[in-house]
Structures are given as C-alpha cells and as structure tokens.
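On the provided structure of chain A, position chain B with the ligands as indicated by the hints.
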Amino acid sequence: MSSKQIQRRDFLRYAGLSGAAIILGVSNSSAKAQELEVMTSLDVASTPYNFTPYIIIEDTGKITIFNSKPEIGQGTYQSITALIAEELEVSPEQYIVQQTGGESKFGPAQFSGGSFSVRSSYFDMRKAGAAAREMLITAASQQWNVPITECYAEKAQVFHKPTGKSLKYGALVETASKLEVPKNPTLKDAKDFKILGKSIKRQDVPLKVTGKAVFGIDVEVPNMVYASVERCPVFGGSLKSFDKTATLNIAGVEQVIEVERIFGVYKSTGVAVVAKNYWAALQGRKALKISWDYKGKETFSSKDYTDSLHQLAQKEGVEDANVGKFDETYQNTSQKLEAFYETPFVSHSPMEAMNCTAHWKENNTLEIWVSTQVPSDIIRDLTGRYGLKEEQITLHSQLSGGGFGRRLAIDFIIEAVNLSKSIQKPVKLIWTREDDTQFGPYRPPTFSAMKGAISEDGKLVAFQHKVISPTIMSFLDPNHDKTKLDQNMTEGISHQQYEIPNMKNTFVYSDIHVPIFWWRSVTSSTLAFSHECFIDELAHAAGKDPLEFRLAMLTKESDTKRLLLKLKEVSKWEKPLPKGKGRGIAQWEFFAGLGGHVVEVTKLSNKAVKIDKVYVVIDLGTVVNPDTVKAQMEGAVIMGITAAIKNGISFAEGKTEQSNFHDNPVLRINEVPQIEVHILAEGGKTIKGVGEPGLPPVAPALANAIFAATGIRVRKMPFDIDNLS
Amino acid sequence: MKTYTLSVNNKTIKVEAEPETPMLWVLRDYVGLKGTKFGCGMGLCGACTIHVDGQAIRSCQTPISTVKASSKIITIEGVSEGLHAAKIDHVVQKAWIEEQVPQCGYCQSGQIMSAVALLKANPNPSDEDIDTYMAGNICRCGTYERIRKAIHSAAKELKTEKGTTKRPSNTR
Ligand code: FES
Ligand code: FES
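If you read the protein sequences in the order shown, they are chains A and B. Quick note on the numbering used here: the first sequence kicks off at 1 and runs consecutively. Quick note on the numbering used here: the second sequence kicks off at 1 and runs consecutively.
One chain only, chain B, in its complex shape:
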C-alpha cells in the first residue's frame, strides 16, 4: 500500500492503494465517485472515460501510480459542476437532455466525457470527426445517432455562447 495525492474535480485528496490499482476502482470504491463506470476493464468500451489534464483517458487502463499529484483529474461529477472553461460541460449535458440521448444511461458518463474532450479539441466536428473520436465508446442500447446530433447541437450552442461572451462586458 502506498499513499497517493490526487487532484480530483479541483479537490486535493489522499488515497491509499496498491500502485497498479486502476483509477476506475480508485475513483469508484476509494473516492466514492460512482459516475465513472466499469464496462469492460480492457480499454475497449469507454464507459470509464475521465479527463486527466484535459485529455480523455480510459481510467480502467490507468494505474494510480501513473497519475501525477499535479495532474488535474475531472470526472462526470466535475463536469456536472461545470469545471471546464466556457461551461462546455453544461452545454453538452443540456444537448444530451434536449436530444434525449440516454436509454439505460450506463454508458453515458463515458460518452459525455469523450464528447466534452472532443469539443475542446475540435469545436466544430464533422460527422466523420465524431465517428472517429467516439468510436471508442460503446453503447449497447444503440443511442449513437442521438449522440451525433447532441454533439452537433452542443457545438452550435458553444459557437453562439462565445459570440455572447465576446460582447464588451462594461456596456449594458
């Protein structure tokens, strides 16, 4: 057992764990953040997707010993708090509700984490960009077409939001 210091959703926490314990189980069972899901444990399904320093990674393939204390980890719970700049988080979640994406919902934390990372890297993704980026996230319920639509509508919304914030803030 070793003690690790982590920054999870902007909070510093200490965790005692075996070095090879995947972040998936650290987050779920040690930190108590259950929004990150176990789907395959092999990096094949994306249900466990989280962000480490803005990059979407598969937490089931990420031993705790490989995560730096200085790295910023964001999970679906952090997205719900709107921890990303430009409130990209809430725009994506809103689009997900608007398009009524989830069926069982089990894969959706991972889908949203991937979508947020995609939109940060590529604010205007084409269908092909979406397919390429999101192909690592399985949805057994088959919500793919709605995921595509929700990403497009979030991208559109973010564009108009940007337009609004660019307006000089000292005028009324």
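One chain only, chain A, in its complex shape:
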C-alpha cells in the first residue's frame, strides 16, 4: 500500500473526511474484481481508486453507509443500508446515509428499477458489514490482548464479555485498518437479526413530514435561472419558426432559445423561455408565437390506432413460446373459447413532475442536480453524448418525488443540459403537470388475442396468448430489429407455472411514433389483465371455481401454488359472500417477482360496483422490512386500480387529449378500498422483488370480481365501475 501515489484530495473531499477512517468496500479492479477490500482514508486517497465503498467509519465515531439505490419512495434509504448495519452491529440511529451520484467508483449498478434493489444487494451488502464487524472485533481483541472469542460487537462498540469493558468503533479504526479483510466473514443467523425482517422506521420519514427533504425541484444554486419549454403538441412534428417579441416584454424573462429533447430515438426541438423566476418563464411561454410543422402526424388518433391493432391481430406473429401441439389440439377439441383484450396508454404521473438543474461551466465541466432512478446511466450517457470524461461531470442525485419508471428515462436531463450548454448558466428546467401528461413517454398499450380449449373432463389443454403492441425497444435501440421478439412486450405470458400441455404464445409488432417506456411492472400490468381474466373465462366455461381451476393446473410444488393456497386461506375463499357481492382472483409471476390478489366488490346496480376490499399476498423468499413491503403493496394496489378504472391517455389530431389531474385522474382517498397485505417470507425458491409484483394482478382480480358479482365480462381497460358495459 505504501507504494501508492498520494492523490488524496478528491476522495477526502468527497467523503468529507478530516481524520483517520476506514473505508470498506468492493474492489472493481480486474485483478481483485468483486473482492472485499478495506482502505484507510490515506489509502483511498492515494489510489486512483477503483473501489466501491459501502461503509466509512471515522475515528470521531461517525459512521456513514452508502446507498447506491436511489430513494424514490420505496425505502432503499432504510432497506439497503440496513443490510450492512445489521451485520456491522450498528443501530439505525447510529449511522448516516449517503446517496451515491453515479460515479463509476461506486459501481455500475446505481439504479432503482426492476424491483431489483434489495434482492441484488442482499448478500453482498451483508458480507461487507460482516467483514467490517469481524475486523473491528479483531482490532479490539488485539488492543486488549484477549482472545477474539471473548469479544462481541453491539451498537457500534466491541465488548469484552468477561470484564464488560468496551471500545467504540471510532477508537478501533486505526488498528482495524492494518488488518486483512476476512475473505469469508460469517453472516449472522437470521434468528439473531435486530434490524432485518423487522418493521424499522425509515430514516427519510422525519425529513418528509417536516418539509426538509430536498427533492430535485427544491435545489437552488447561485445565479440560477429558471426555464419552461414549449414543445410541439403533435408527436413527431417539428419547429418551423417562432416570434419571441411578446415574451421578451414580460418582466423577468431573459432569453428565448431553441432546445432539443432526446428520448432514445425520439427527438424534438422545443422553445425554452429562460427567466429570473419560474412564474415569469411560464408567462413568457404563454406569450410565444410558434409555428410547427406537424408533418402529417396531426391525423394520428387513438381510434385509428386501436383499429390498426385489431387488424394486426390477424397476423401470425413471432413466437414467444411453443410447447406441445397447440394448433392440432385446439383444432381437435370441441370446447373452444376466444377473446380479445385491450389496454390503453397510461402516464406515470409522479407527484414531482420532471425537472433538472444543470450547470454547464466555462471549463467544460458539468454539474447536475436531479431526482432520478438511474445515476449510473446518466453518467454513462452524458459522457458519450457530450464527449466528456467522467471526472468532468458531477451528479447530485436527490430524493425523488415518485418514479414508477418515468425517472429511468433521462430525456428531461438531456434537455436541461442542452439548455445550460447554450446559455452557459445554471438553469432549473421544470416541466409543468401539463408537460408531464402530454409529452410522454407512456406505458404502451398491449392488445391480446386469446384462445383456449377445454377437454371433456374440464381441463385446459390448449392455450394461446397473442400480444399485439408497439415495442419499447424500438425507441431505445435505433438498430432494433422489428421482425424479432421484444421480450419487454410479452413479459410473463410464457412463464406462469400453470401446467398447460399445449401452448403457443406469439407477438405481433405494431409501429408507433409516440414515445413509450417502462412503467411500474411494465407490460405485466397489461398482459396479466388479459391472461388472468381469460383463465377466469376458461374456468367458468369449464364449470369450475376459478381458484380450483388454477390449482388443478399446479400439481407440482411451486411458489405460485403456495401463494394461491395462502390467498385461499386469507381471503376465506371457500366461505360464500353475501348476496350482491362477488370476488375475483388473479396472480402473476414475472421478472420482478410474484404476487396474487383477491378483490371483493359489491354490486350497486346492474352496471355498477363498489370495490370493498383487496387481499394481497406477496412471495418474497425473505423480507427486509415488512412495513415497507406493506406500504409498497398498498401503493401498488392503488396504482393498479387507477390504471384499471381511470381515463388513461388517448390521442386526437396527433395530440394527447389529457392535460392534468382533472382529465387524467388518479385515485383519491375517498375511493380507496380496504387493503390487507400478507407476506410470504419463508419457503420461496428465490429472493423476489417488491416494488412491482403488487400491481399486475390488481386489474384482472377486479375484473374477475366484477364478473362474479354482475355477470359482466370486462375485456377492455380502462373500465368505468360506475357504468359497466
């Protein structure tokens, strides 16, 4: 270590370290890839370090734990750092959390998406905490000159059992830093957990009830100006010319300038109004006179697009799965069923609309403050896009006022950076709610052509799910081959555990120019609707109870089977509901995990129902914070109901028809049913995700409940529960 060059300033400044400290993390160098490594403040400073720090313990006693998974409301502030804290033996109030900013030294996986955070970190983070704990215990035993076995750690101290004497972690930093990092530290036994598996209060909550939490939109930097951008209302149109005279006459307006937004392959140039304050920018925007070239796209409408998807359904499609002999079996079975399902575009609508503060400085360095799900991607993209080196970009990743997939995109960040680059000033670009609603990207619609055949003894013997939809990849990858399958669009349809002997699932591509993107649980939120409603239709056609029909297709042990049995128990499925009520069931397994719901409704009239209660069972394998999981399930149910019964996004004359929460409504407090959450934390085959799996079964379970209560089979989202048809 002594041979390392001294280049300490950068890191010390980053970590704000002044005295001695140990830093434990994972090496990213190829020789030691993914090995745990410890460094002192001097070492880290002295290497151009290629090292992912997880923990810093300073001689002052200050303990910092890094969170590389952005906090978007899902609780990573607590859950990720808890993995380390548990093994390190520090209690939640004894450490501070530091969010990482996409720097490559913090590893390539700084993102929150795919319900991936906890399950991808579960063992690595614990191992880091355990290694540090073992080193601190060893250090204490050396200082005291007693056997290691007589020492133990608790609450950021090491104790000597026989004498009861203790040393705080801070006092052990120096000795510990000279030790080798244990290669295989012993992880704690789950029965000894003090934090993991417990409903620990989240560290970010006090900030969020006092107005002190800093979101991207709250950032202020010296000499900052504000901006609002007028974009072409017709998707695919372009800017012809604009008259800024009236705008420049508005008090506070400084400049009017073109700016480009880039979302994957989708590019559009808008007109930015830059002003001393945001209100002036908004007024200036209203005064702009712009002429756009709509390029023929002004004829686009949802109605035509829907018709085109119906047409495309006649096509054969590319294969997603082909098991057994579907065509033959379907042909030769007498009881057949066909159905067509439709779903809409929907918006993410996080409460904090998109915004970004960017400062392109004279020396070609760039500083960014933003609420994002993808710090790593931002650095990767911007270095390539602007030819900058990583050291030239500083990213301050803020708390996010919701993400739901929208903040996996960086279109608004590129827009802000482009703007700052043009005006050479720090600028805060804020999208209005109207911008957020009208310019996408949206969750894509998927249409589904379903076929099923039932044998004489009431078994599902042939099944087909054909998906007709645009593809997300065609926006993200300019070289995307449209004749090939985009698995984003067939998510889960061939991976349910049902033992169906003959199944052929296919995909038909449809072109679209409106930006589409991942949305909480992506296409599982639409495909589960068609898939699980159709299973319900088949169950009724076979004269079977929908839950028993599913269980009959699950003869082997599986997580899905356990989940359904749990749902059966908690929802008291076998107990008949009073007259006028109905219940429906659905489950869904996909890349993010596995969830199942039972929804109970009351029939209000021949055409209307009220949602009474939702039972949720989520299968996790293991749980870090049950209360956070519960909160995620509550949120997922509410988001799922919103997507099922509220407007969605539609287009006319090339433009989005909705603009704000009056015509693109979300569920409000008076519309929320009772939600009962059950977590299966034992016996699962793998650790599964939390953020998304609570959503896909909501709509089908609701639609199936509506059928049970009213006899109306809903095959199109959104559906109006006050006026069913």
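Simulated from the structure, these hints should not be mistaken for lab results. Remember, it's a predicted structure, so these values are computed and weren't measured experimentally. Check the hints yourself; a few may be wrong.
[Unchecked claim] The list that follows gives simulated cross-link-like pairs (lysine-lysine, PhoX-like), each with its CA atoms no further than 20 Å apart:
| # | chain 1 | residue 1 | chain 2 | residue 2 |
| --- | --- | --- | --- | --- |
| 1 | A | 276 | B | 2 |
| 2 | B | 14 | A | 276 |
| 3 | B | 149 | A | 613 |
| 4 | A | 201 | B | 149 |
| 5 | B | 94 | A | 201 |
What follows is chain B with the ligands alone, placed relative to chain A:
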C-alpha cells in the same frame, strides 16, 4: 413589479413580485421556503397547501395580490416550528412518523397542512369526514390508508393532551 408585505410563519417579510404571481412560487422561489410543493398548478392536487388565517388554501391558486399584509400565512416549515396553538402541528407530524405515512414524501407537506386544518376545525373526524376533507390531496404513491390512520391517532392524542393541560398548573 410591486412590493408586498407578508406575514409568513410569524415573520414579516417584504417581497417584490408581479401581482398575479401565485403564493406557491412566491414562497418557494422568493422566500426560499421549499417545503410547499408544486404538483399541478391548477388547484387539483393539494401539494401546495398552506394556511392563511387558519384556512387551508391552495397556494398555486392564490395570487400574492390577494393576500393581505395582516393575514397570517403558515407553511409546513411553520408547522415544524409548532406555530399552531395546542401544538397540534407536532402531534400530527408525530402521528405521521408513527404510522410511517410517506413513501416518496412529495405530497406529504400538503397532506399534513390539510390534516392540521381538518383537526383544528373538527377535532374528532370520522372516516367520512377525513375522506371528504382530504379528497383534494392526491398521493400518487398511495399512502391514503395510513393518512387516515395517522389523522385518527393524532385526534386521539390531542384529546388526551387537552386532558393533561386542563389540570391545574399550580399543583405539582
Ligand atoms: S399545485 Fe396547487 S393544488 Fe396542485
Ligand atoms: S408519498 Fe409520494 S405522492 Fe404521496
């Protein structure tokens, strides 16, 4: 531009602004109080809720020219200082922590401002009262059930607090 005198969280301040500037932007960008949030700008979501003379109002729909110099404005930052009588503020915030209400937290300043105003007007709200009063505050993360619980537990706490303060203060 005009100069306006305002009382914000018991402090008198002077602000230069265009008359139609909404209080939301006045508070956030001129006064520097960022706890009040922008959600819709149309009075539809409640993220921007503040109190003017004890009434919960949507600051995005309130031009600065309509606010009197004598009016007392309280924001989430004022609630954190406990500016309301009977320390209703802290009881509500504590209940919010106890029930772990926030997810992303962005809507919560507005939710708490509405809840405090509700409890001042109606110390013992039913579920229906809560639904009616709080229906103007959107939470996209879906924390509604916890909001309901937190309001109930704050109401309960306030009742017992009142009981305590009623005890004669000169006895030990
Ligand atoms: S921002 Fe004022 S009500 Fe939404
Ligand atoms: S907590 Fe995220 S919007 Fe309410």
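A quick look at each hint next to the structure:
1. Pair hint residue 276/A plus residue 2/B holds up; C-alpha atoms about 16 Å apart against a cutoff of 20 Å.
2. With a CA separation close to 18 Å, the supplied pair residue 14/B and residue 276/A stays within the 20 Å bound.
3. Straight-line distance between C-alpha atoms of residue 149/B and residue 613/A comes to about 17 Å, which keeps the hinted pair within the 20 Å bound.
4. As the CA atoms of residue 201/A and residue 149/B are separated by approximately 16 Å, the hinted pair is consistent with the 20 Å bound.
5. Distance restraint check for residue 94/B and residue 201/A: the Cα-Cα separation of roughly 12 Å lies within the 20 Å cut-off, and the hinted pair is therefore satisfied.
In this structure, every one of the numbered hints holds.
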